[in-house]
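Student: First to last, the protein sequences are chains A and B. Just so we're aligned: 25 in the numbering used here is position 25 of the first sequence, and the numbers increase by one with no gaps anywhere. Just so we're aligned: 287 in the numbering used here is position 287 of the second sequence, and the numbers increase by one with no gaps anywhere.
Honestly, the hints are just simulated from the structure, not real lab data. Among the clues, some could well be false.
Claimed, not checked - Only pairs whose alpha carbons sit at most 20 Å apart, straight line, appear in this in silico DMTMM-like list of lysine to aspartate or glutamate:
| id | chain 1 | residue 1 | chain 2 | residue 2 |
| --- | --- | --- | --- | --- |
| 1 | B | K144 | A | D98 |
| 2 | B | K65 | B | E78 |
| 3 | A | K89 | B | D208 |
| 4 | A | K105 | B | E81 |
| 5 | A | K97 | B | D98 |
| 6 | B | K144 | A | D62 |
| 7 | A | K97 | B | E124 |
| 8 | A | K66 | B | D143 |
| 9 | B | K246 | B | E91 |
| 10 | B | K210 | A | E70 |
| 11 | A | K97 | B | D80 |
| 12 | A | K97 | B | E78 |
| 13 | A | K22 | A | D62 |
| 14 | A | K86 | B | D208 |
| 15 | A | K105 | B | D98 |
| 16 | A | K97 | B | E81 |
| 17 | A | K105 | B | D80 |
| 18 | A | K89 | B | E122 |
| 19 | B | K65 | B | E48 |
| 20 | B | K144 | A | E72 |
| 21 | B | K210 | A | E72 |
| 22 | A | K19 | A | D62 |
| 23 | A | K89 | B | E124 |
Said to hold, decoys possible - Pairwise CB distance ranges (calculated):
| id | chain 1 | residue 1 | chain 2 | residue 2 | range |
| --- | --- | --- | --- | --- | --- |
| 24 | B | R89 | A | S21 | 51 to 61 Å |
| 25 | B | L46 | A | P41 | 19 to 29 Å |
| 26 | A | E72 | B | L46 | 41 to 51 Å |
| 27 | B | R175 | A | E3 | 49 to 59 Å |
| 28 | A | D12 | B | A25 | 46 to 56 Å |
| 29 | B | Q69 | A | E49 | 29 to 39 Å |
| 30 | A | F71 | B | S54 | 40 to 50 Å |
| 31 | B | K210 | A | E83 | 40 to 50 Å |
| 32 | A | E3 | B | E71 | 20 to 30 Å |
| 33 | B | T221 | A | P41 | 50 to 60 Å |
| 34 | B | V201 | A | K105 | 36 to 46 Å |
As the list claims (entries may be wrong) - Non-contacting residues of chain A with respect to chain B, defined by C-beta distances greater than 10 Å in every case (computed):
| id | residue |
| --- | --- |
| 35 | E14 |
| 36 | P23 |
| 37 | S40 |
| 38 | E44 |
| 39 | H51 |
| 40 | D52 |
Note that beta-carbon positions come from the ideal geometry of N, C-alpha and C, so glycine has one too.
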Amino acid sequence: MSENVFEVSDGDFEAKVIKSSKPALVDFWAPWCGPCRVASPVVEQVASEHHDKMLFAKLNVDENPKTAAEFEVLSIPTFILFEKGKPVKRFVGAMPKDRFVAELKTWLG
Amino acid sequence: MTNHDLLIIGGGPAGLAAGLYAARARLSVLLIEKEMVGGQMATTELIENYPGFSEGSSGVELAEKMREQAERFGLRIELDEVMSVDFTRPEMAVTLGDGERTGRAAIIATGRRPQLLGVPGEIELRGRGVSYCATCDGPFFRDKRIVVVGGGNSAIEEALYLSRFASEVVVVHRRDKLRADRVLQERSFNNKKMRFVWDSVVTSIEGDGKVEALAVRNVKTGKTASIATDGVFVYVGNLPNTEVFKDEIELDERGYVIVDPELATSARGVFAAGDVRVGPAKQVATAVGDGALAVISAERYLENV
Ligand SMILES: Cc1cc2nc3c(=O)[nH]c(=O)nc-3n(C[C@H](O)[C@H](O)[C@H](O)COP(=O)(O)OP(=O)(O)OC[C@H]3O[C@@H](n4cnc5c(N)ncnc54)[C@H](O)[C@@H]3O)c2cc1C
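Work out the full structure: start from the sequences and follow the hints.
Tutor: Next comes the structure, spelled out in structure tokens:
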């Protein structure tokens with residue numbers, strides 16, 4: 001795991017994401033998901049370049065079904081950006097870095 | 001900047017086989033893949049008709065093996081998207097997110113992508129019950145109801161796979177019989193969890209925040225009905241990934257690349273392999289065969305320029 005992307009769980013989601021003072025992007029993933037394996041290096045790369053602007057977290061949906069169900073994640077990878085405790089942006093699927101950054105451009109500048 | 005002998009666009013089975021042949025032939029070769037090495041193959045749960053794997057193989061595993069084999073001979077893979085191409089210059093150029101790459105010859109192996117249904121609710125509920133990838137999303141539907149739309153090989157294969165998780169799998173198909181291979185038909189008719197809605201098309205997908213129901217219309221009687229469901233998996237056909245080439249090479253009316261028997265396209269030094277080219281078979285085995293043939297043709301071309 002890279003130093004810029006941290007793991008969150010059902011247990012600490014509230015504290016680490018919902019209560020975060022910075023916007024927090026959560027990567028909902030699972031080990032059996034091929035596209036997730038492709039997406040995670042992209043997330044890590046974006047995180048290493050932009051960790052000053054937002055937090056980058058990942059949540060394993062197998063181990064944390066409660067949070068995944070709460071946000072109605074039915075496809076992975078799903079990325080949800082939380083700001084002041086609310087989901088403000090959501091996108092689905094593996095994609096090249098440019099498109100990933102474009103999805104977040106309002107926040108990454 | 002190095003000018004490669006060969007650029008391969010797309011890292012599905014066709015591109016990976018081409019990469020293996022080219023790297024092993026000691027060409028300087030670069031493969032560019034925008035999303036996932038393995039292409040459509042890597043989203044397939046089980047491939048049973050690729051020779052050499054007597055028990056079948058998962059698509060992801062086959063993709064990893066093909067990649068390792070090609071990389072062992074020195075294939076370089078870059079993860080980026082080809083956004084535009086210029087095949088008119090003597091060294092052809094492709095433009096990626098972070099700049100240009102050039103080569104003396106090129107192989108187009110960009111494959112296909114799933115066609116959307118094009119009905120209200122589909123885009124809005126994508127990732128909220130609407131899916132095009134059973135292996136990615138199937139496990140979310142444990143003990144839930146699923147509809148699979150389509151009657152071809154992909155639809156029936158994936159419906160069978162989904163029946164492992166779902167409480168019920170309803171196949172909605174616009175004809176009164178399946179197009180899928182006989183062996184898949186037999187398995188699906190014997191599957192206790194599967195049910196068929198014939199002669200019907202989807203007219204909308206409904207739900208508040210996630211999929212709840214599907215409206216269908218019988219094309220013979222005109223009758224409409226609603227099917228309550230938690231998920232919709234769409235397998236109604238495919239579109240070739242050829243938008244970036246449309247001004248540079250000849251395509252057929254459906255967008256597939258027109259090739260000669262050596263897989264040469266209308267542009268000099270440009271070849272096409274796999275699902276993206278005109279042809280009746282869209283399979284891993286044929287894509288791999290194409291990848292090999294395209295490199296052999298490209299080598300012959302490079303020797304003569
Ligand atoms: C659900 C499903 C089940 C299947 N089951 C079987 C089966 O059991 N047996 C079988 O033999 N076949 C099966 N197939 C078909 C098989 O997967 C395809 O025939 C095969 O993958 C085609 O290989 P390809 O390399 O031509 O194209 P693809 O696999 O489509 O790969 C093309 C690659 O090019 C990339 N690409 C596209 N555009 C660009 C761009 N501009 N820049 C960079 N990269 C780009 C794509 O991201 C993709 O990775 C199945 C397909 C599906 C969808």
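Student: Decide, hint by hint, whether the structure agrees.
Tutor: Hint check results:
At roughly 36 Å between alpha-carbon atoms, B:K144 and A:D98 are farther apart than 20 Å, so this suggested pair is violated. Restraint check: the Cα-Cα separation between B:K65 and B:E78 comes to about 18 Å, which is no more than 20 Å; the hinted pair holds. Of the supplied pair hints, the one linking A:K89 and B:D208 holds, its CA atoms being roughly 18 Å apart against a limit of 20 Å. Taking the CA atoms of A:K105 and B:E81, the gap is about 19 Å. The hint holds against a cut of 20 Å.
For the hint pairing A:K97 with B:D98, the CA-to-CA distance comes to about 10 Å; that is within 20 Å, so the pair holds. Among the hinted pairs, B:K144 with A:D62 is consistent with the structure: their alpha-carbon atoms are about 17 Å apart, no more than 20 Å. As the CA atoms of A:K97 and B:E124 are separated by approximately 23 Å, the hinted pair breaks the 20 Å bound. For the given pair, A:K66 sits about 17 Å from B:D143 by alpha-carbon distance, which is consistent with the 20 Å threshold.
With a C-alpha separation of about 19 Å, the suggested pairing of B:K246 with B:E91 holds against the 20 Å cut-off. With a C-alpha separation of about 12 Å, the suggested pair B:K210 and A:E70 falls inside the 20 Å cut-off, and the hint holds. A threshold of 20 Å between alpha carbons decides the hint, and for A:K97 with B:D80 the separation of about 8 Å falls inside it, so the pair holds. The suggested pairing of A:K97 with B:E78 holds, with an alpha-carbon distance near 12 Å, which does not exceed 20 Å.
Distance hint between A:K22 and A:D62 is unfulfilled; the C-alpha atoms sit about 26 Å from each other, more than 20 Å. A threshold of 20 Å between alpha carbons decides the hint, and for A:K86 with B:D208 the separation of about 18 Å falls inside it, so the pair holds. Between A:K105 and B:D98 the CA atoms are separated by roughly 17 Å; this keeps the pair inside 20 Å, and the hint holds. Of the supplied pair hints, the one linking A:K97 and B:E81 holds, its CA atoms being roughly 9 Å apart against a limit of 20 Å.
Restraint check for A:K105 and B:D80: the C-alpha separation of about 19 Å stays at or below 20 Å, so the hint holds. Taking the CA atoms of A:K89 and B:E122, the gap is near 18 Å; set against the 20 Å cutoff, the hint holds. Of the pairs offered as hints, the one joining B:K65 and B:E48 holds, with about 16 Å between alpha carbons and a cut-off of 20 Å not exceeded. As the CA atoms of B:K144 and A:E72 are separated by approximately 14 Å, the hinted pair is consistent with the 20 Å bound.
For the proposed pair B:K210 and A:E72, the alpha carbon gap of about 7 Å is at most 20 Å, so the pair holds. Between A:K19 and A:D62, the direct Cα distance comes to roughly 23 Å. Violation of the 20 Å bound is thereby established for this hinted pair. As the CA atoms of A:K89 and B:E124 are separated by approximately 14 Å, the hinted pair is consistent with the 20 Å bound. Checked against the given bound of 51 to 61 Å, the beta carbons of B:R89 and A:S21, roughly 52 Å apart, stay inside it.
Roughly 26 Å separates the CB atoms of B:L46 and A:P41, a value that falls within the hinted 19 to 29 Å. The supplied range of 41 to 51 Å is broken by A:E72 and B:L46, whose beta-carbon atoms lie about 29 Å from each other. Remark: the range hint 49 to 59 Å for B:R175 to A:E3 is upheld by a beta-carbon distance near 55 Å. About 53 Å separates the C-beta atoms of A:D12 and B:A25, a value consistent with the hinted range of 46 to 56 Å.
Taken as a hint, the range 29 to 39 Å holds for the pair B:Q69 and A:E49, whose Cβ atoms sit roughly 33 Å apart. About 42 Å separates the C-beta atoms of A:F71 and B:S54, a value consistent with the hinted range of 40 to 50 Å. Between B:K210 and A:E83 the Cβ separation comes to about 22 Å, which falls outside the hinted range of 40 to 50 Å. Judged by the Cβ atoms, the range 20 to 30 Å given for A:E3 and B:E71 holds: they are separated by roughly 28 Å.
Distance hint for B:T221 and A:P41: a CB-CB separation of about 52 Å, consistent with the stated range 50 to 60 Å. A hinted range of 36 to 46 Å holds for the C-beta pair B:V201 and A:K105, which are about 38 Å apart. Distance check for A:E14 against chain B: the nearest CB is about 21 Å away, which clears 10 Å, and the non-interface claim stands. The beta carbon of A:P23 sits about 20 Å from the closest Cβ of chain B, which is more than 10 Å, so the claim that it is off the interface holds.
At roughly 12 Å from the closest C-beta of chain B, the C-beta of A:S40 stays outside 10 Å, upholding its exclusion from the interface. Remark: the non-interface label on A:E44 is consistent with the geometry, its nearest Cβ contact in chain B lying 13 Å away (cut-off 10 Å). Residue placement check: A:H51 keeps its beta carbon more than 10 Å from all beta carbons of chain B (closest about 21 Å). At roughly 22 Å, the least C-beta separation between A:D52 and chain B is larger than 10 Å, which holds for a residue marked as non-interface.
In summary, the structure is inconsistent with hints 1, 7, 13, 22, 26 and 31 from the numbered list given earlier, while agreeing with the others.
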